[in-house]
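Engineer: Going down the list, the protein sequences come from chains A and B. Under full-length UniProt numbering, the residue at position 105 of the first sequence is numbered 105, and the numbers go up by one with no gaps. Under full-length UniProt numbering, the residue at position 75 of the second sequence is numbered 75, and the numbers go up by one with no gaps.
Derived by calculation from the structure, the hints in this document are not laboratory data. The structure displayed is predicted, hence computed values, not measured ones. Virtual Cβ for every residue (Gly too), placed ideally from N, Cα, C. Any given hint might turn out to be false.
[Claimed, not checked] Derived BS3-like pairs (lysine-lysine); straight-line CA-CA distance at most 30 Å:
(1) B:Lys5 / B:Lys17
(2) A:Lys100 / B:Lys34
(3) A:Lys52 / B:Lys92
(4) A:Lys102 / B:Lys59
(5) A:Lys52 / B:Lys59
(6) A:Lys102 / B:Lys299
(7) B:Lys59 / B:Lys5
(8) A:Lys52 / B:Lys212
(9) B:Lys17 / B:Lys212
(10) B:Lys34 / A:Lys101
(11) A:Lys101 / B:Lys59
(12) B:Lys139 / A:Lys52
(13) A:Lys102 / B:Lys251
(14) A:Lys101 / B:Lys17
(15) A:Lys102 / B:Lys408
(16) A:Lys102 / B:Lys230
[What the hints assert, rightly or not] Interface residues of chain A toward chain B, partial, derived using beta-carbon atoms under 7 Å:
(17) Pro15
(18) Gln19
(19) Ala30
(20) His49
(21) Arg50
(22) Leu51
(23) Lys52
(24) Thr60
(25) Gly61
[What the hints assert, rightly or not] Across the chosen pairs, the derived CB separations fall in these ranges:
(26) B:Arg349 / A:Arg4: 48 to 56 Å
(27) A:Tyr34 / B:Arg102: 47 to 55 Å
(28) B:Asp73 / A:Leu47: 53 to 61 Å
(29) B:Arg102 / A:Asn22: 27 to 35 Å
(30) A:Pro15 / B:Ala407: 37 to 45 Å
(31) A:Pro15 / B:Glu351: 37 to 45 Å
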Amino acid sequence: MDRRDVDLIVARIQPLFAQRRNTRYWLLIANDPYDHAINFFFNQQSLGHRLKSTPLHSATGDLSELEQVISALGQHFQFSIEYTGFTGMRWPSTWHLIEKKKESGE
Amino acid sequence: MVYEKEPRRVVFMIDNKSFYASVESVMRGLNPLKSILVVMSEQANTNGGLILATSPEAKRLYGLKANVSRQRDLPDEAHLWVVPPRMNLYIKRNLQINDIFRRFVADEDLWPYSIDESLLDLTKSWQLFGDSPRAVAEKIQRTVRRELGLYTTVGIGENPVQAKIALDVYAKHTPDLIGEITYRTVPEKIWSITNLTDVWGIADRTARHLNKLDIHDMDELAHADPYLLKQELGIIGTQLFALSWGIDRSKLSQRVPTRSASIGNSQVLPRDYALQSEIELVIKEIGEQVAARLRHHHKQAGSLSLGIGFSYAASEEDGRGGFNGSMRIAPTNRNDAINAALLQLFRARWEGQVIRNIAVYTGRLSPDTGEQLDLFEPLPSQLHRTDLARTVDQIRERFGFTALVYAKSKLRGGTAIQRASLVGGHNGGNSYE
């Protein structure tokens, strides 16, 4: 994972981020143990409506690389981030738990 | 019924539970059996959205039954995840699953049946992997789940049709996702099926036909007069009779040679088309696509058929759903020859109706070994045209279809550019790996 992954993700978010009223936008980052990859999705949901989840990118790399990608993304957007598949794993720099709460369908 | 002479094999029919929806759930770190998710295609021609797959939990909660239903039938509910399809990803997963199956059977005993179903003949190999066929089925299920995160459903039978019915009618509704039918359990497992259309090979039309013969369930089918069935339904009648007794003599390892397949393409248009120029533009685009596929397969077509489907309103008015025309042509795979014939077919039949579907099919395929030259056209220009088409093919093969498109595809009504990235009419997802 490096700068190019960040650029790709940013470029793919831009057309999706319509900034509608009463709509929540956030990133879903899933640890995919089967492909040994990290998958990125752009989720959006208008109040009381269906959730739409669009794939953005899939990349391989370790957690410290992921940390860098996330901080680079933070320079472009302030979306909240939801993590799945990281149960029990911790960020290398801060030792905080990555996934604080399990997603209901996990 | 004496089953002694019937083949007794160990056949598995394995499918993936809600395949596309499960793959998408796993990619998002969700459990495929718990997630509430549908895969919805939102192409221009899907009229707001077409649901391609529904997760088991979404089926249960919202009573969504058949796949391929419309967006308007889908509740607008906050727990429901809607995701776009990625056809290339599903093809990749299907190949990975079949690779796992190959660890349990030899290549010739594996028959991929559809994007999410495969038929395995384990007669010769099951004993290597467990104490019983059921134990082997469980082992295959565990392997796929561990390596790909997906749940598989297994139908076990002594021949392919038993395995298929065990899968469709039983495996999908048991907690362990395994169903089993043997010759001994045919009366209990097959004759007890009361809804004819639940059975593989019987759809609405056949069921109505059987109803007319006073056959309403599998028990009645099994005890009907086979000669009457043959008289009424032809060879299919005998086949259905055999099916009701759980008989199927096909052997997977003996591949049936197929006759030269037909090559063709069809599409639903994104809106109603009424202008002749727009309709003909799409016909030409499809014609070129079909010609390119012929060249790719090194074939020439000796016959062409064009199918046109009217829009809903036009078919109400006309009384027909559309029209079909076909003609013999001198064997060719050249764009201009094929398009000229297609336009001739179209213009001879079209009476101004508004249309929504176009299909082009080729037949009488022969190897592309030489070219029938035309006496009325100078030789160099004929050869030049062939070279041009092949060069365009090569460029597209290397750089993608949209690397080089005809200017006409940019006209109003053209669909080729937009459809270039689709697989089976839905988002391939190539740009997202």
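Engineer: Does each hint fit the structure? Answer for all of them.
Structural biologist: Hints, one by one, checked against the model:
no., hint, in the structure
1, B:Lys5 / B:Lys17, "violated, 35 Å"
2, A:Lys100 / B:Lys34, "holds, 20 Å"
3, A:Lys52 / B:Lys92, "holds, 24 Å"
4, A:Lys102 / B:Lys59, "holds, 23 Å"
5, A:Lys52 / B:Lys59, "holds, 18 Å"
6, A:Lys102 / B:Lys299, "violated, 56 Å"
7, B:Lys59 / B:Lys5, "violated, 42 Å"
8, A:Lys52 / B:Lys212, "violated, 47 Å"
9, B:Lys17 / B:Lys212, "violated, 35 Å"
10, B:Lys34 / A:Lys101, "holds, 17 Å"
11, A:Lys101 / B:Lys59, "holds, 26 Å"
12, B:Lys139 / A:Lys52, "violated, 35 Å"
13, A:Lys102 / B:Lys251, "violated, 48 Å"
14, A:Lys101 / B:Lys17, "holds, 27 Å"
15, A:Lys102 / B:Lys408, "violated, 53 Å"
16, A:Lys102 / B:Lys230, "violated, 59 Å"
17, Pro15, "violated, 12 Å"
18, Gln19, "violated, 20 Å"
19, Ala30, "holds, 4 Å"
20, His49, "holds, 5 Å"
21, Arg50, "holds, 5 Å"
22, Leu51, "holds, 5 Å"
23, Lys52, "holds, 5 Å"
24, Thr60, "violated, 11 Å"
25, Gly61, "violated, 14 Å"
26, B:Arg349 / A:Arg4: 48 to 56 Å, "holds, 53 Å"
27, A:Tyr34 / B:Arg102: 47 to 55 Å, "violated, 18 Å"
28, B:Asp73 / A:Leu47: 53 to 61 Å, "violated, 22 Å"
29, B:Arg102 / A:Asn22: 27 to 35 Å, "violated, 51 Å"
30, A:Pro15 / B:Ala407: 37 to 45 Å, "violated, 27 Å"
31, A:Pro15 / B:Glu351: 37 to 45 Å, "holds, 43 Å"
Violation of the numbered hints given earlier is confined to hints 1, 6, 7, 8, 9, 12, 13, 15, 16, 17, 18, 24, 25, 27, 28, 29, 30; the remaining hints are satisfied by the structure.
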